[in-house]
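Chains as they are written, first to last, in my numbering: chain A, 64 to 177; chain B, 1436 to 1547.
Mixed in with the good hints there might be a few duds.
[What the hints assert, rightly or not] Dumping the calculated SDA-like pairs for lysine to any residue here, alpha-carbon to alpha-carbon at most 20 Å:
hint : chain 1 : residue 1 : chain 2 : residue 2
1    : B       : Lys-1477  : A       : Thr-175
2    : B       : Lys-1457  : A       : Arg-173
3    : B       : Lys-1472  : A       : Gly-105
4    : B       : Lys-1472  : A       : Thr-175
5    : B       : Lys-1542  : B       : Gly-1490
6    : B       : Lys-1492  : B       : Gly-1476
7    : B       : Lys-1472  : A       : Asp-163
8    : B       : Lys-1539  : A       : Ile-75
9    : B       : Lys-1506  : B       : Gln-1449
10   : B       : Lys-1472  : A       : Thr-177
11   : B       : Lys-1477  : A       : Phe-123
12   : B       : Lys-1492  : A       : Phe-123
13   : B       : Lys-1472  : B       : Asp-1462
14   : B       : Lys-1477  : A       : Ile-75
15   : B       : Lys-1477  : A       : Gln-107
[Said to hold, decoys possible] Across the chosen pairs, the derived CB separations fall in these ranges:
hint : chain 1 : residue 1 : chain 2 : residue 2 : range
16   : A       : Ser-114   : B       : Glu-1450  : 23 to 31 Å
17   : B       : Glu-1518  : A       : Ser-90    : 22 to 30 Å
18   : B       : Lys-1503  : A       : Thr-143   : 20 to 28 Å
19   : B       : Thr-1513  : A       : Thr-143   : 26 to 34 Å
20   : B       : Glu-1450  : A       : Arg-136   : 27 to 35 Å
21   : B       : Ser-1461  : A       : Pro-102   : 37 to 45 Å
22   : B       : Asn-1438  : A       : Arg-173   : 23 to 31 Å
23   : B       : Thr-1513  : A       : Phe-132   : 30 to 38 Å
24   : B       : Glu-1518  : A       : Gly-79    : 40 to 48 Å
25   : B       : Asn-1488  : A       : Glu-115   : 26 to 34 Å
26   : A       : Asn-134   : B       : Glu-1450  : 27 to 35 Å
I should point out that these hints are in silico values taken from the structure, not numbers from a laboratory. Idealized CB from N, CA, C, for every residue including glycine.
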Amino acid sequence: KAGVTQTPRYLIKTRGQQVTLSCSPISGHRSVSWYQQTPGQGLQFLFEYFSETQRNKGNFPGRFSGRQFSNSRSEMNVSTLELGDSALYLCASSVQGSGDSPLHFGNGTRLTVT
Amino acid sequence: GENVEQHPSTLSVQEGDSAVIKCTYSDSASNYFPWYKQELGKGPQLIIDIRSNVGEKKDQRIAVTLNKTAKHFSLHITETQPEDSAVYFCAADGGSQGNLIFGKGTKLSVKP
């Protein structure tokens, strides 16, 4: 089975711009979660989607949004980028989500905001 | 909400020695406790997990123990090898929060 695929691997953007990251989950997985990873804060939960509905949301500003399509692929969008948004963004899929089933992570998208 | 503390933040051992990483959690409703290994340039990979109805689980050189009363769980790696060098994360399900909460990670270095 193919793993979780995230595109692109690297992105460089300027403050004020917006960015869209993409995630293709493992086939058959209906839950997709997004995490932000930074050296100081570790892995912080952004949101989870299950069957095209946002089921859970972390403590991030409204500039961070996401969606899930009928084929379970997911995108996250960050608008009005700030320097502090520079991070590794990780997507993870699972069969049922909700925190009590194994997460399978992609290799992430490294976002640099200048 | 759930809070997960992980210690130590860095750990250096000689090849062949054992390594132990400890985590504590705050939400008594948490029932699922996975451990992840992250190598440079890659996403975290699940290496072992345990649920609250089990006190210990083993998979070859890796074992995890859980003490629900004290709200702590530990990862034990025996006969460490250089390829075990990586960052290890513990996590707990957020109870009522419904998502995994991660510890801040432990950078393990195994010296040949």
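Structure-based check of all given hints:
With a CA separation close to 17 Å, the supplied pair B/Lys-1477 and A/Thr-175 stays within the 20 Å bound. For the hint linking B/Lys-1457 to A/Arg-173, the alpha-carbon distance of about 29 Å lies beyond 20 Å, and the restraint is violated. With a CA separation close to 13 Å, the supplied pair B/Lys-1472 and A/Gly-105 stays within the 20 Å bound. The hinted pair formed by B/Lys-1472 and A/Thr-175 fails the criterion: a straight-line CA distance of about 24 Å is larger than 20 Å.
A threshold of 20 Å between alpha carbons decides the hint, and for B/Lys-1542 with B/Gly-1490 the separation of about 25 Å lies outside it, so the pair is violated. About 29 Å separates the Cα atoms of B/Lys-1492 and B/Gly-1476, which puts this hinted pair outside 20 Å; it is violated. This hinted pair checks out: B/Lys-1472 and A/Asp-163 have alpha carbons roughly 18 Å apart, not beyond 20 Å. Between B/Lys-1539 and A/Ile-75, the direct Cα distance comes to roughly 26 Å. Violation of the 20 Å bound is thereby established for this hinted pair.
Our distance criterion of 20 Å between C-alpha atoms is broken by B/Lys-1506 and B/Gln-1449, whose separation comes to about 30 Å. As the CA atoms of B/Lys-1472 and A/Thr-177 are separated by approximately 30 Å, the hinted pair breaks the 20 Å bound. A C-alpha spacing of about 24 Å is found between B/Lys-1477 and A/Phe-123, which places the hinted pair above 20 Å, so the restraint is violated. Between B/Lys-1492 and A/Phe-123 the CA atoms are separated by roughly 35 Å; this puts the pair beyond 20 Å, and the hint is violated.
Of the supplied pair hints, the one linking B/Lys-1472 and B/Asp-1462 is violated, its CA atoms being roughly 23 Å apart against a limit of 20 Å. About 19 Å separates the Cα atoms of B/Lys-1477 and A/Ile-75, which keeps this hinted pair within 20 Å; it holds. For the given pair, B/Lys-1477 sits about 17 Å from A/Gln-107 by alpha-carbon distance, which is consistent with the 20 Å threshold. Roughly 47 Å separates the CB atoms of A/Ser-114 and B/Glu-1450, a value that falls outside the hinted 23 to 31 Å.
Checked against the hint of 22 to 30 Å, the C-beta distance between B/Glu-1518 and A/Ser-90 comes to roughly 29 Å, which is consistent with it. Taken as a hint, the range 20 to 28 Å is violated for the pair B/Lys-1503 and A/Thr-143, whose Cβ atoms sit roughly 44 Å apart. Range check, B/Thr-1513 to A/Thr-143: about 49 Å between beta-carbon atoms, so the 26 to 34 Å window is missed. Look at B/Glu-1450 against A/Arg-136: about 42 Å separates their beta carbons, and that is not inside 27 to 35 Å.
Checking the proposed 37 to 45 Å range against B/Ser-1461 and A/Pro-102 shows it is violated: the Cβ atoms sit about 24 Å from each other. At roughly 27 Å, the beta carbons of B/Asn-1438 and A/Arg-173 sit within the given window of 23 to 31 Å. Distance hint check: the CB atoms of B/Thr-1513 and A/Phe-132 are about 44 Å apart, inconsistent with the given range 30 to 38 Å. Checked against the given bound of 40 to 48 Å, the beta carbons of B/Glu-1518 and A/Gly-79, roughly 43 Å apart, stay inside it.
The hinted window of 26 to 34 Å between B/Asn-1488 and A/Glu-115 holds, with their beta carbons roughly 33 Å apart. For the pair A/Asn-134 and B/Glu-1450, the supplied restraint of 27 to 35 Å is violated, since their beta-carbon distance comes to about 45 Å.
Checked against the numbered hints above, the structure breaks hints 2, 4, 5, 6, 8, 9, 10, 11, 12, 13, 16, 18, 19, 20, 21, 23 and 26 and satisfies the rest.
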